[in-house]
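Participant: Please build the complex by placing chains B, C and D on the supplied structure of chain A, with the hints as guidance.
Chains as they are written, first to last, in my numbering: chain A, 1 to 345; chain B, 346 to 690; chain C, 691 to 1035; chain D, 1036 to 1380.
It is possible that some hints are incorrect.
[Stated by the list, open to error] Derived contacts from chain D toward chain C, CB cut-off under 7 Å, selection only:
id, residue
1, TYR1046
2, SER1175
3, PHE1192
4, SER1222
5, TYR1238
6, ILE1248
7, VAL1274
8, LEU1278
9, TYR1287
10, ARG1289
11, VAL1293
12, GLN1366
13, GLY1367
[What the hints assert, rightly or not] Residues of chain C clear of chain A, computed beta-carbon distances all greater than 10 Å:
id, residue
14, ASN804
15, GLU871
16, LEU933
No wet-lab data here; the hints were simulated from the structure.
Note that the Cβ used here is the ideal one computed from N, Cα and C, for glycine as well.
The chain contents come next:
Protein chains: 4
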Amino acid sequence: MINVGVIGYGYWGPNLVRNFAETDGTRLAAVCDARAERLALVEKRYPGTKTFRSWQEMVQDPSIDLVAVSTPVSTHFDMGMAALRAGKHLLVEKPMAMNVDQCARMVDEAARRNRVLMVDHTFVYTPAVRKMHELVSDGSLGDIYYYDSVRINLGLFQHDVNVIWDLAVHDLAIMDFVMPERPVAVSATGISHVPGGNENIGYLTMFFNSKMIAHVHVNWLAPVKVRSTLLGGSRKMVVYDDLEPSEKIKIYDRGITVNPDTSADKVYKLMVGYRSGDMWAPRLDTAEALGVEIRHLVDCIEHGTRPITGGEAGMEVVRILENGTRSMKEQGQPIELAAAGKVTA
Amino acid sequence: MINVGVIGYGYWGPNLVRNFAETDGTRLAAVCDARAERLALVEKRYPGTKTFRSWQEMVQDPSIDLVAVSTPVSTHFDMGMAALRAGKHLLVEKPMAMNVDQCARMVDEAARRNRVLMVDHTFVYTPAVRKMHELVSDGSLGDIYYYDSVRINLGLFQHDVNVIWDLAVHDLAIMDFVMPERPVAVSATGISHVPGGNENIGYLTMFFNSKMIAHVHVNWLAPVKVRSTLLGGSRKMVVYDDLEPSEKIKIYDRGITVNPDTSADKVYKLMVGYRSGDMWAPRLDTAEALGVEIRHLVDCIEHGTRPITGGEAGMEVVRILENGTRSMKEQGQPIELAAAGKVTA
Amino acid sequence: MINVGVIGYGYWGPNLVRNFAETDGTRLAAVCDARAERLALVEKRYPGTKTFRSWQEMVQDPSIDLVAVSTPVSTHFDMGMAALRAGKHLLVEKPMAMNVDQCARMVDEAARRNRVLMVDHTFVYTPAVRKMHELVSDGSLGDIYYYDSVRINLGLFQHDVNVIWDLAVHDLAIMDFVMPERPVAVSATGISHVPGGNENIGYLTMFFNSKMIAHVHVNWLAPVKVRSTLLGGSRKMVVYDDLEPSEKIKIYDRGITVNPDTSADKVYKLMVGYRSGDMWAPRLDTAEALGVEIRHLVDCIEHGTRPITGGEAGMEVVRILENGTRSMKEQGQPIELAAAGKVTA
Amino acid sequence: MINVGVIGYGYWGPNLVRNFAETDGTRLAAVCDARAERLALVEKRYPGTKTFRSWQEMVQDPSIDLVAVSTPVSTHFDMGMAALRAGKHLLVEKPMAMNVDQCARMVDEAARRNRVLMVDHTFVYTPAVRKMHELVSDGSLGDIYYYDSVRINLGLFQHDVNVIWDLAVHDLAIMDFVMPERPVAVSATGISHVPGGNENIGYLTMFFNSKMIAHVHVNWLAPVKVRSTLLGGSRKMVVYDDLEPSEKIKIYDRGITVNPDTSADKVYKLMVGYRSGDMWAPRLDTAEALGVEIRHLVDCIEHGTRPITGGEAGMEVVRILENGTRSMKEQGQPIELAAAGKVTA
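This is chain A alone, in the form it adopts within the complex (with noise of 0.2 Å):
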């Protein structure tokens, strides 16, 4: 039985507090806000669960295996690292911290220690996300061509972070699991309409050593809500709406044909041919995320092995995130990564 010590019970720490209680295999131990009513009200739900106001004297609890940290990005660093130098296991919300220096040395921290880190990329664990992997694993959708996804609404303006950092991230998550290659290159722009707050409309394309690009479109301030990608291959195309109740993925058999082999004299025109044939939504499961997620969590830490959104993951995410961001200050500047290579498990 693994206990965990939950910090930070604002918007997302309740579901967390909720599925740690509700796992076989984990039991809620203790959980930590700065804020008394919030506390007031952990205790009336689960009455008998620890509750700290510090979260410096929660890491240092001795009955606490693993700490889950849902606070604002900017304090993930310092609880993470306090966290695994107490040889406490690590669960953090997305993104995972403020810069790539930052990652690597909860990273290194992590492994120093033998400890378990995860990043909290929830869509990985989603029955439409671990559908569209497979897909591309399997070779269904034959040579991957674009990534393309519209994450858009009237959202709260985070104080912190630009939008990119609060919606991109989901996308660059679900693409660091579900795409063969990781980017090497980024362009963004976007635009801030707060006098001098963060952007609130953010584009992001990504580049790749094969023919492939991703793009991400995010913004705060549209009036409607939007939550759709296109997954583009050579076989077939994936839509993915995740405002859909059911039907979330739709396959489609359409395309182009490109004729490799072709002769001097012949015009271009030829060389394309288009296929438009029938369409699939496959079932999904309709397992929470954040459960299986968390069944992982326990797994990992019980074998000892690697999370699939563990703190490499979670790094290349804030990778792209900084220099995207870099690069939107410079009107769509394209800046290489350091790519990390893709390690498949």
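Facilitator: Structure of chains B, C and D alone, referenced to chain A:
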């Protein structure tokens, strides 16, 4: 009565021909196409219309007052200049020509000879786009924050131009009419999936002197057709979906209120207020855009006035396409547009 | 403070229990369920709440002021009557009881003992239905022409009632609140696809003294979920789609104008004019319906007033269900309803 | 080559005329319309075509082989009989005639004279309906459980027939082709909102000897346009949305499994199992239905075979319309259809 000769009876030409034949004030005098079987069709449907295999001959026909050019973009300059030099008025398909220099020479020629030069930016004459123009002009939307458009489908791969010349041109024409300013810089990214082919996916960001941004996403290799535009303002926001049979324009009373007078000790979060009100879909006219456009063209010729979509508008659109394509070759490198400054009617 | 005892902790009971626990003015005093494992859940989530295996015992508990019955419809009469006879106020799930006679006896019992009797017609307390009520009441829609509803999905086949008792009951409750009159006759058709089972598809037409019609289509065996209602009026028409996350209510300025003063020689066609104007989606509250309902219940108990969804409304709904089921057995044979005449608040 | 004369150049006539002019095997010989301005249009678009003001004259023209009648339903019988008596083949708009008696006499006349009589049930020749027919015929759907259709919009109020003759006729024609049996009884309800007018809202339930049901909802006074059909089977279920630009047909692997061998002590609930699997949208042809239909007509005339939508199909559709209208006057009173028994090709 204006006698019209149309060059090109391919995909779009038949629409021009039909509208010139039916609109009061114009008479379909001649059609030119290099392909005999296309001319045979014309003769069957429009008996009594002259037909030409050679456009050089047709533009010299003294009975013709106006030449309409509906051929691949690489031919627009030669045909258009010949028509103007022969003293004809000119309607030319979009994009106007292959580069800004060609456009400028066509504009000069028309001015010198006192002929009307119109570019067929058809969308500008649709009820939906005219409504957006009205909402911007009368202040209903407040300050404009952004224009964002997605225009994708499984489309015919063009062989003389890339996807932004084929699809983004529609948005640039709409923006030239609707937006209160013209862009001053562009950053574009894209990719070709056909060896030796033009880019079939493109992302185009445009920057302005004011706090606005514009983005257009075009794709010939998408599994689904999307024609969706967001126009965000400080007072209201518009969703324009051209595939909706009715309710193409939806106006949302949603947005943020930024408190400009904030004392230093208030936290940033408090500066932004959120507003989520009604949605409203105004009834739109059902007039065919091309008919409206041709009546406007007749009016310009009769009164010697400048068309809404004249040579200058066509040139500004080509300026963005030309520089966007350059930026695309350099992975998003931003390029300044030698901005011409918007001439308001 | 009203002390509440809830009978039945199955599908809907937990929502009642949570709302009684959280609403000001009520206190969750006791929960009853025949199944030990359900009571164990209650004890874990609501420590300090009394639990009962026997409802007969619970309704005799002197500390309880209000009994809420959330069990299969065939048990409502016995439990409800026992609670009223024990001097409790009563909230009973819909449909209120198995037939009009049972309903009438419950209404009488409550009146004699001066207790509040409310039927849990939850939809009546949703922001969308309240908006429809407002639009009818204030004349925005003009004369009401029709109510048409589709409520289908792949649903659990109930074993004590047919599909109209399970699904059409929602529409009958909404109509009782929204429509300006009560129906005077019913014709229903339906079918069972399970040997010996109740009808799993049903179509219910209701007739009125005025020129109105209402129709409800319900189905437990549909491949997709639909919750869509049309409310047509002479001035405006409403589309209510309960599955829309926002914009549940859309108001269309569409319809016909009938020219009443037509001389004999005018052809019929000229009598009807068509109107196609704007659409408008008003912003709706986001309050949870059950919370609104329970605050209304508290108010009725405290002030001795009659609930919007009192015993009489519940009885009229059951009258239609009972006679509709009879008509269904006779392939649509119309049946007059001994109409009670609408009592307007 | 079959020489065709078309009576009626109103709303639908131009589609017939264009298709007869373009289809191999037919030649547009003549068009008849009482209105001179309509004939002027024909002469402009189809020079060389004979025109008639009098249909009586046209049906006597010896150069004509086939007469197509596209006029109000009340005229079909007189025109159709005259054409048959003059020895012509006949294509008649739907509904075939005003009552079953007229239909029967037309069928007899065609049989006696050995002429082909086809009713223009256009939907039967669409790719979507042909796919549904295929799915029923090859057993993909299993036993058919129900057909349910909604066909509503703000439509032109007809003056000689009510809304079921105008709109439900499409569904009855589709059902006659797709369903494995013909209905044996009908119950219909409806209302007119125009003084002295025909019913503008109609609900039609049809009963079968097997455990099937069919229902059609039609409305001329709806704020939105809907064309949506459900076809439920024991193995699969279809949603057919005719307004979808692509994916008109979606096939759901959803339903129930009824356990037939249940011992007496098992509760009813256990007898029903639920199945929720994949959805699949097959690619459909894009051929124009009317072209397919006319090629079929040519084939029937050339080979002396019976059309899929012959006079008998037309008569069975009218039988339901005629009895449905009677039922409607009696608030849903069920009426038995003197069922003709389906003749399978």
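Participant: Confirm or reject each hint.
Facilitator: Going through the hints against the structure:
no., hint, result
1, TYR1046, "violated, 13 Å"
2, SER1175, "violated, 14 Å"
3, PHE1192, "holds, 5 Å"
4, SER1222, "holds, 3 Å"
5, TYR1238, "holds, 5 Å"
6, ILE1248, "holds, 4 Å"
7, VAL1274, "holds, 6 Å"
8, LEU1278, "violated, 15 Å"
9, TYR1287, "holds, 4 Å"
10, ARG1289, "holds, 5 Å"
11, VAL1293, "holds, 5 Å"
12, GLN1366, "holds, 4 Å"
13, GLY1367, "holds, 3 Å"
14, ASN804, "holds, 36 Å"
15, GLU871, "holds, 35 Å"
16, LEU933, "violated, 7 Å"
When each numbered hint is compared with the structure, violations occur for hints 1, 2, 8 and 16.
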